[in-house]
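K.L.:
Letter by letter, the chains look like this.
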Amino acid sequence: MSGDVLIQILPSVLLEGLLLGFVYAMIALGYTMVYGVLGLINFAHSEVFMIGAVTGAEVYRHLLPHVGNPYLLLAISITTAAAVSGGTAMAIERLAYRPLRRRGNTNRLVPLITAIGISFFLQDLVRLIEGMWHNEFFVNYPSTPALERTFQITEMLSIQMKAIIVITVSLAMLVGLQLLVTRTRLGKAMRAVAQDAHTASLMGINPDQIISRTFLIGGALGGVAGVLFGVLYTKVDPFVGFLPGIRAFTAAVLGGIGSIPGAMLGGILLGQLETSAGVYLPLLTDGNIGTEYKDIFGFLILVLFLLFRPQGILGRKEGEKL
Amino acid sequence: MLEIAAISLNFGGLAALEDVSLKVAEGQIFSVIGPNGAGKSTLFNVLTGIYPPATGAIHFLGRKISKLPPQRIARRGIGRTFQNIRLFGSMTVFENVLVGRHTHIRYTYADALLHTPRYFCAERSARDKVLDLLNFVGLEARAEELARNLSYGDQRRLEIARAMAIQPRLLLLDEPAAGMNPRETDALKALIRALRDERRITILLIEHHMQVVMAVSDRIAVLDHGRLIAEGAPAAIRENPAVIEAYLGPGAKESLA
Amino acid sequence: MKTKLLSILLLTLACASGAALCSAPRASWTLLPVLAVLFLCLTMRLPRTVRFTAGLGLLLIAIPFAGFTNTFLFELGIQIGIFSALALGLNVVVGMAGLLDLGYAAFFAIGAYTWAIFGSTQASYFMNGNFPLAGWPYFYLFAALAVLTAAITGILIGLPALRLRGDYLAVVTLGLGEVVRVLANNLDHPVNITNGPQGISPVERPPIPWLMDLLHIFNPDASPALGYALFFYLLVIAIIGLVVLINVRLDHSRFGRAWVAIREDEIAARAMGISLTRTKLFAFATGAAFSGAMGAVFAAKQRFISPESFTLLQSITILGMVILGGMGSIRGAILGAALVTLLNIEVLKSCSDFLNTLRQTGFVLDLGFFQYNFALLPSQLEPAKYERMIFGLILVLMMIFRPQGLIPEVRHRLELEKDD
Amino acid sequence: MRIPSIIITLLLALTFTTRADNQVIRIATCCPLSGAQAGLGEYIKLGAQMAVEGAQPRFAELGFNLQLFPQDDQATPDVGVAVANRLVNDASVLGVVGHFNSGVAIPASEVYKDYHLAMVSPANTNPKVTDRRYANVSRICGRDDVQGPVGAEFAVNELKAQRIFIVQDKTAYGQGVAEAFRDKAKALGANIVGFTGTEEKSNFSTIVRLIQVHKPDLVYLGGIYDQAGVLVKQMREKGIEAVFMGPDAFDSSEFVKIAQDASAGTIYTTVAGPIDQFPAAKDFASNFEAQFHRAPESFAPYAYDAANVVIAALEAAIRANNGARPSRQAVCTAIRAVTMDGITGKIAFDAKGDRLTSDYYIVKLETASYPGKAIKVISSAPPQ
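Protein chains in written order, with the numbering used here: chain A, 89 to 410; chain B, 12 to 268; chain C, 1064 to 1483; chain D, 1405 to 1788.
One thing to keep in mind: the hints can contain errors.
[Said to hold, decoys possible] Covered stretches of chain C (in silico footprint by chain A; criterion: 3 or more residues with CB under 8 Å from a CB of chain A, positions within the stretch not fixed):
#1 1374 to 1388
#2 1450 to 1457
#3 1462 to 1469
[Said to hold, decoys possible] Sample of chain D residues with no beta-carbon within 10 Å of chain C, all distances over it, derived:
#4 E1562
#5 E1641
#6 I1644
#7 D1665
Everything labelled a hint here was simulated from the structure, so no lab data went into it.
A quick note: this is a predicted structure, and the numbers were derived from the prediction, not measured.
Glycine residues also receive a C-beta, built at the ideal position from the N, C-alpha and C atoms.
I would like the entire structure built from these sequences, with the hints used as guidance.
P.N.:
Structural data, given as structure tokens:
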């Protein structure tokens, strides 16, 4: 493979990496925010993402004949998905995590197993509902010409309308979240709870309420990510959350779990790494190392990176609390 | 026996310890006092290797220990307790002390699996030692209880027993009297003296409870804002105007009595 | 007095349930009392000899005899045994040392491939020699080798991973576990080591002429299939016995205490002179070794190995067993493994078979005010489809209502009792 | 200990099952009914259910109660083997239709073999399934090492494909058929510009990019329709015009639903002829649709035929046994003697358990609608 081609395709590889990275970043935020306030890995978050993706697809599909404007339709789908996912995340917190928290002083593996249980449950529940509804359990985002319009920039680089939408929406969400966390009362309260829930409660903040809202916001972001994922890659099903979920979690750790800018950065970085590795590894090794290695490539980078900077890119080095 | 030479440590620009130098002689009971946030516990954490000092050096028994990890320092013979008790909560009292014997129980993995005579021998001598220590601190009756179920005072004493199990030459006690009632405090004073007199252990003590400090200490160092502001015998410290000024504020002299 | 009475009761129950099982081995209700007695053997506070007699009596006499008629009992026993060993191994890492390992199935894979590659013609793709290695010592040799390779892999994976704390460790082990699976799935080119997704088959089983001779005394037409079912059943029980013994002995040694100490408080543990890295690596290697051994047994028993058996889901299921049983508790790990396995391959399956029979026979449920014809049960509600959902639900409920597990860890009192 | 005891008692109480009486004959289906592959497994169960329900009256006349016994193997080998062990110990089970994954079928059939329980596979195309020459293992579907080369011949000789890019899904099935395709295409002189695997289900951007770089004139995917639909859609969106081709797992209306317009022009090889060529298949399709409210797809026709093979063998064995319940061994023997016209063509088995001759259809989706049109039929016997 001549070096020219490798360079020619670079812009488009970077663009695809960026798209994937934004989706990962938005899912990673859900992991990182919950980790921030509760110090717990919410493994069920991948199912929150999945529910968003499926809900968005159902809405999009069913409203397609009634709503002419695809942008409006997409906006409706995203909003609904965000609401449903946010609600699901809140419900998970209320029904599964809060009872554990109330009990106090339980092992930190307990919520982890709970999360895994919820994951299994939600996957098959969605499958049951989808199956009862229309026999098959995957859902499509139907093709819409307006969204698939392609702008050819150079011979090797083109961008689709939907990619532009994905970038715009994710950027808006990421900036919005950053403003929310740094500028608003809720954001301050969230940071306070993340620092020290007990002290925060002495300052008149209700930690339960803040935790609930954190789940709501993280879940909603996951839902939006689900719709964007579906729009980009067409098909979603009840098991679609697994891989992006794990990768987004990896991204959150890479960026420094608990750190919101870290999750964004980690997501984008992982998206880039994965995409470039998937394209360039086979090209440079003449197919001996195929795209099948791209998943573990991300993990290997993570391991190597954490060896040198165990707290992640933007994570704070935890001082030992003595 | 312990020489601290000009150590400093910063936490994100904030000087936690600044140019602190101390010498602790063998057999002393040496106290470090100072207001909250003065850097006393930080000093302990530097001594035991949890934070490496930014500058300066620490020598223990003539060997440099300031770059060693905590477990190596422990093996050199420095035991410690913690300000906010760090026991192994779900282990029994007995086991907590037994863990302290870890480095002195010498048998291999294979010995443990095959239950060789060496295993039994080592375990038995460790058990005897633990019983002895529990007797010493007066917890022999509670040996089978879970550590987390003990009273506050008992937990403090258990921490001392556990720290002694590593056979330290120097024992760092971080606020051992915190949360104790007057009767327990008196017992603690006796215990600290007994540690030195009967067990020949040098003691470095952090304590807010002035009555204890004044009663047991041979020498006292005063830290304020990470700096050493005074060092001397209890009587001298009691009279030191800089201490009274900086540490207790004007008119607080009586409370040192 | 009370103990004596209860002991006699337990032994009687064991005899009765064993007899019932042998008299009607295929009726699944007869398994119920046997399992109940085994459960009691695990949990009741009775002299060890009594519990051992009752338990081993059932495991080594009643079940094998019933198994001659219903070999599914062997399969059940083998799978429970394999998962028990895995759960016990993970219990060392997660339960005792408190290191969250989400890639545990990797070690199982290493053990399985160690034997599968050399116990089949697979090895001849990349080296010279006469494969498969079929003689009798080879399997045992490679099972031992599998212990070693798994332990070494444990140390290799542990070295980078253990620099990290808590949840970081979780994601790194998860990643490295995936790395092992993906490698198993992809190392069929450029050099064919694992045969990729096609898997390796047939894997040799160790020859068992002695057991067949023994079997033929009781039953002249015993087939090799029956012989192997019995063989693996006994082998697994023997390994479990060994694993439990090792676990108990480590638990009572400075190594086990160091594990629990670092789980409880790393800083305090270091202040006791305990080296974190060494202690954690010991835990990783020990845990991995158990699953390595079982991996080799699994490969021989399945006669087929492919990467599908070593997924993240598998790791998570094993973790679920440990937590369900009670972290750090040896008996808990066994109980957890037994329950999840029973649930997965017996209870939920029986349940869906039962509902399915109702549907096919057009059974009508009549509660007076409510009638339901099972023939109308829609296909989407096929009970077999919802086994995993029920498993998930059980995990959640369990964690909410009994988070410490079924048999919580008990720190021993033996240190003092020994002197008495 | 109260709560766990109660839970355990409850769970164990569920293991009560109705005891099968001697007149019950069960045909089990083994396929994934839960998890990500449940959608495909479902059709196997439904196809077999159609056949069993159709035969129930005939068996009633013979004095037997024929039942379907659906099992979920969760697409994992250990569960599959456990299921196999359950089945061999249930005396009422006289035949198995399954499994779906070759990775499950191979270890499970080791168990069936020991107990002479007949397994007729509707979906395992891996050569190894029958190459072990077990007397109890037969299959209705084709073999990877036949359908791959059939596809390659068509691609190179008829479509004149010179540059071929091959993708496979890293499963035993996908990789097997893709490698067979690759080897044949290479032998026929085509240039294999890429061969890569992926476990990805939705994001194929890297593969699409690779395809774009290599500029093939044909892309072959060894994989299943749910992956294929997404891949071809993303290919077309990026303006790649290469012919898209694949094996029989593309044969599903879901493929068209996922890929939508992008599905037009896709070519796949299959042993199941389009329904318009078989009158029997037409009836099957309409009955299926009436009963389950969906079209019979993917492996449903194969499962229907597989179950019918077992049923025919059972009837023959019962007759041979003077109306009494046949032994499992007898059923195995009878299956190998079955000759019938199935909805997937003429069925008869060779000594290994493969179909004597299979007609391989090259089907093209001319427009984005299902089913497609058979553009060529190639008869091929399995390798011996």
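K.L.:
Now, for every hint given, state plainly whether the structure supports it.
P.N.:
A quick look at each hint next to the structure:
Counting residues of the segment 1374 to 1388 of chain C whose C-beta sits closer than 8 Å to any C-beta of chain A gives 6, which meets the bar of three, so the coverage hint holds. Remark: the segment 1450 to 1457 of chain C is confirmed as covered by chain A, as 6 of its residues place a Cβ nearer than 8 Å to a Cβ of that chain, reaching the required three. Interface restraint, the segment 1462 to 1469 of chain C with chain A: holds (4 residues with C-beta to C-beta distance below 8 Å; minimum three). Every CB of chain C lies more than 10 Å from the CB of E1562(D), the least distance being 29 Å, so the non-interface label holds.
Residue-level check passed: E1641(D) sits 28 Å from the nearest beta carbon of chain C, beyond 10 Å. Remark: the non-interface label on I1644(D) is consistent with the geometry, its nearest Cβ contact in chain C lying 25 Å away (cut-off 10 Å). A cut-off of 10 Å between C-beta atoms confirms that D1665(D) is not in contact with chain C; the least separation is 30 Å.
Hint check: no violations occur; every hint is consistent with the structure.
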